[in-house]
Amino acid sequence: MTVLAQAGTTVAAAADDPSCYSRLTNHWVCLSYWQDRSTDLIDATQQHLQITVLSVTLGLVLALPLSVIARRFTRLKVAILGLSTAFYTIPSIALFPILVVFTGITMTTVVIGLALYTLTILVRNTLTGLEAVPDDVRESATGLGYGSTRLLLKIEFPLALPVIMAGLRVATVSTVALTTVGSLLSYGGLGELLLDGVQNDFKAEIFAASVLCVALALSLDVLLLAAQWLMTPWTRARGA
Amino acid sequence: MLGDAYTYLTQWSNWTGSDGMLQLMFEQLLLTFTALAITVVFALPIALYLGHIGRGGFLAINISNIGRAIPTFAVLVLLSVGFVGTAELGPYGRAGLATLIALVLFALPPVVTNGYVAIREVDKDIVEASTGMGMTGRQVFWRVELPLAMPVIMAGVRLALVQVWATATIAALVAGPGLGNVITSGFYNSNYGKGLAGAFVVAVVAFALEMLTFGAERAVTPVHQRRSRRSEAPRPTVGAVM
Numbered sequence: 001m002t003v004l005a006q007a008g009t010t011v012a013a014a015a016d017d018p019s020c021y022s023r024l025t026n027h028w029v030c031l032s033y034w035q036d037r038s039t040d041l042i043d044a045t046q047q048h049l050q051i052t053v054l055s056v057t058l059g060l061v062l063a064l065p066l067s068v069i070a071r072r073f074t075r076l077k078v079a080i081l082g083l084s085t086a087f088y089t090i091p092s093i094a095l096f097p098i099l100v101v102f103t104g105i106t107m108t109t110v111v112i113g114l115a116l117y118t119l120t121i122l123v124r125n126t127l128t129g130l131e132a133v134p135d136d137v138r139e140s141a142t143g144l145g146y147g148s149t150r151l152l153l154k155i156e157f158p159l160a161l162p163v164i165m166a167g168l169r170v171a172t173v174s175t176v177a178l179t180t181v182g183s184l185l186s187y188g189g190l191g192e193l194l195l196d197g198v199q200n201d202f203k204a205e206i207f208a209a210s211v212l213c214v215a216l217a218l219s220l221d222v223l224l225l226a227a228q229w230l231m232t233p234w235t236r237a238r239g240a
Numbered sequence: 001m002l003g004d005a006y007t008y009l010t011q012w013s014n015w016t017g018s019d020g021m022l023q024l025m026f027e028q029l030l031l032t033f034t035a036l037a038i039t040v041v042f043a044l045p046i047a048l049y050l051g052h053i054g055r056g057g058f059l060a061i062n063i064s065n066i067g068r069a070i071p072t073f074a075v076l077v078l079l080s081v082g083f084v085g086t087a088e089l090g091p092y093g094r095a096g097l098a099t100l101i102a103l104v105l106f107a108l109p110p111v112v113t114n115g116y117v118a119i120r121e122v123d124k125d126i127v128e129a130s131t132g133m134g135m136t137g138r139q140v141f142w143r144v145e146l147p148l149a150m151p152v153i154m155a156g157v158r159l160a161l162v163q164v165w166a167t168a169t170i171a172a173l174v175a176g177p178g179l180g181n182v183i184t185s186g187f188y189n190s191n192y193g194k195g196l197a198g199a200f201v202v203a204v205v206a207f208a209l210e211m212l213t214f215g216a217e218r219a220v221t222p223v224h225q226r227r228s229r230r231s232e233a234p235r236p237t238v239g240a241v242m
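Protein chains in written order, with this note's numbering: chain S, 1 to 240; chain Z, 1 to 242.
Because the hints were derived from the structure by calculation, they are not lab data. Every value quoted in this text rests on a predicted model; they were computed, and no experiment measured them. The beta carbon of each residue, even a glycine, is placed where N, CA and C say it ideally should be. Hints should not be assumed to be uniformly reliable.
Pairs of lysine to any residue, SDA-like flavour, derived with a Cα cap of 25 Å [unchecked claim]:
1. K77/S with R218/Z
2. K77/S with G215/Z
3. K77/S with E217/Z
Pairwise CB distance ranges (calculated) [stated by the list, open to error]:
4. D136/S with A37/Z: 45 to 51 Å
5. K124/Z with V101/S: 51 to 57 Å
6. M231/S with F207/Z: 34 to 40 Å
7. W15/Z with T235/S: 36 to 42 Å
8. F214/Z with T149/S: 53 to 59 Å
9. L29/Z with G143/S: 31 to 37 Å
10. P222/Z with A79/S: 36 to 42 Å
11. L31/S with N62/Z: 28 to 34 Å
12. N26/S with G137/Z: 40 to 46 Å
13. M133/Z with T74/S: 37 to 43 Å
14. A132/S with D123/Z: 18 to 24 Å
15. S219/S with G57/Z: 23 to 29 Å
16. L31/S with D125/Z: 55 to 61 Å
17. I69/S with P222/Z: 30 to 36 Å
Could you put together the complete structure from these sequences and hints?
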């Protein structure tokens, strides 16, 4: 009910306004909307970014040790891969309610849900990357006196980095898109604006939120690509 | 909350009737399979042909990358508020056409990318040998490339099915048809038990569909490939995650 009441005032305010986002004109592309509601847009984008970054970070923190475990214990490998793939079968809008049972209607629920989805791609790619490290390299390192931990951190992870980063980019881009569904629990970043827009037939708001969402995904993708470029100088030296 | 969900699920009246869960499930399954059929009939042949002649790879592969960045929710909203509207469409229910278009759009990337990659990945030596034996391009495609590419093509269709089912559930956020309505109406009216019950049904059907297509994928995989598949290093996924 509060949502409806709030929507009512928004519409009333918009109707008095002769600008391109008033209820009568209701344009898709409306610059004065972007100016007048810039705080709304910035807040939603910030929340969106926050949810995405937290989810992907949590996903990565879980995926890296899981991949190392999966590689060491062949028996667990099938289970870990199977479980991390199983999550993605469940539609996000159904996974959130199921998680609500444990963590309530909070941002944590959305973050955990999205992090579980990133596992599908992150575990798979990290494992592929680690397994692709040539045995020769591993043997040389062991011959030079590297222990297993130092081998993992100094040799294997850096060599697996391009494949891990490729997975991270895919996971990040999909998470940005998926965060919008969090609006079911009122933590959806730009998805909140989409939901409000569809409930009030507010085209400028829908268009702005859609554009910002895609722009956010592309920006993060470029940012990760740049990070990868900086972190793997050896791939450039060879001109590969 | 769990108790409420259980009560909701075990009350037969919640399943029957015109907005009962059985009707909604039927509506959503109909939408899902229609969208998948449209994609497989119209887009898959093009992808396979492009793979066969080895052209258009850039587009076929990048369609998946583009698809991932676009939120399904935004597309559903844009379609239903703007270009298509939320009119009823026969058995597909409210906003049926908008939902159907969105579903086809999101079924395309995995089907097209996997179809193209599947044909391209067929061992070039085998294709060359077939041509050397005097097979025409058409024969090579039907008798060599297509059978060998079948498992990867089916993997794409499987990904698409998961994707389409998920998108069809989200349609409820924009007043569309399907089981998602049980979830949204539960959450919007603070009837969380109902929302959880809906989520549970959606998840169970998703798993059932996954099992079904897993069987189909296995059935089209040549016997000698089945065993090696397991020990093989996992292939990085090409599909989108929903």
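Hints versus structure:
1. K77/S with R218/Z: holds, 21 Å
2. K77/S with G215/Z: holds, 22 Å
3. K77/S with E217/Z: Distance ~22 Å between K77/S and E217/Z Cα, so the pair holds.
4. D136/S with A37/Z: 45 to 51 Å: holds, 50 Å
5. K124/Z with V101/S: 51 to 57 Å: holds, 52 Å
6. M231/S with F207/Z: 34 to 40 Å: Taking Cβ atoms as reference, M231/S and F207/Z lie about 38 Å apart, which means the hint holds.
7. W15/Z with T235/S: 36 to 42 Å: Since W15/Z and T235/S have Cβ atoms about 57 Å apart, the given range 36 to 42 Å is violated.
8. F214/Z with T149/S: 53 to 59 Å: Because 38 Å falls outside the window, the suggested range is violated.
9. L29/Z with G143/S: 31 to 37 Å: Since the Cβ atoms of L29/Z and G143/S sit about 59 Å apart, the hinted range of 31 to 37 Å is violated.
10. P222/Z with A79/S: 36 to 42 Å: Violated, since P222/Z and A79/S (Cβ atoms, about 27 Å apart) do not stay within the stated range.
11. L31/S with N62/Z: 28 to 34 Å: Given about 31 Å between the Cβ atoms, the range holds.
12. N26/S with G137/Z: 40 to 46 Å: With a Cβ separation near 54 Å, N26/S and G137/Z fall outside 40 to 46 Å, so the hint is violated.
13. M133/Z with T74/S: 37 to 43 Å: Check passed, 41 Å falls within 37 to 43 Å.
14. A132/S with D123/Z: 18 to 24 Å: holds, 21 Å
15. S219/S with G57/Z: 23 to 29 Å: holds, 27 Å
16. L31/S with D125/Z: 55 to 61 Å: Cβ of L31/S to Cβ of D125/Z: about 59 Å, so the range 55 to 61 Å holds.
17. I69/S with P222/Z: 30 to 36 Å: Holds, at about 33 Å.
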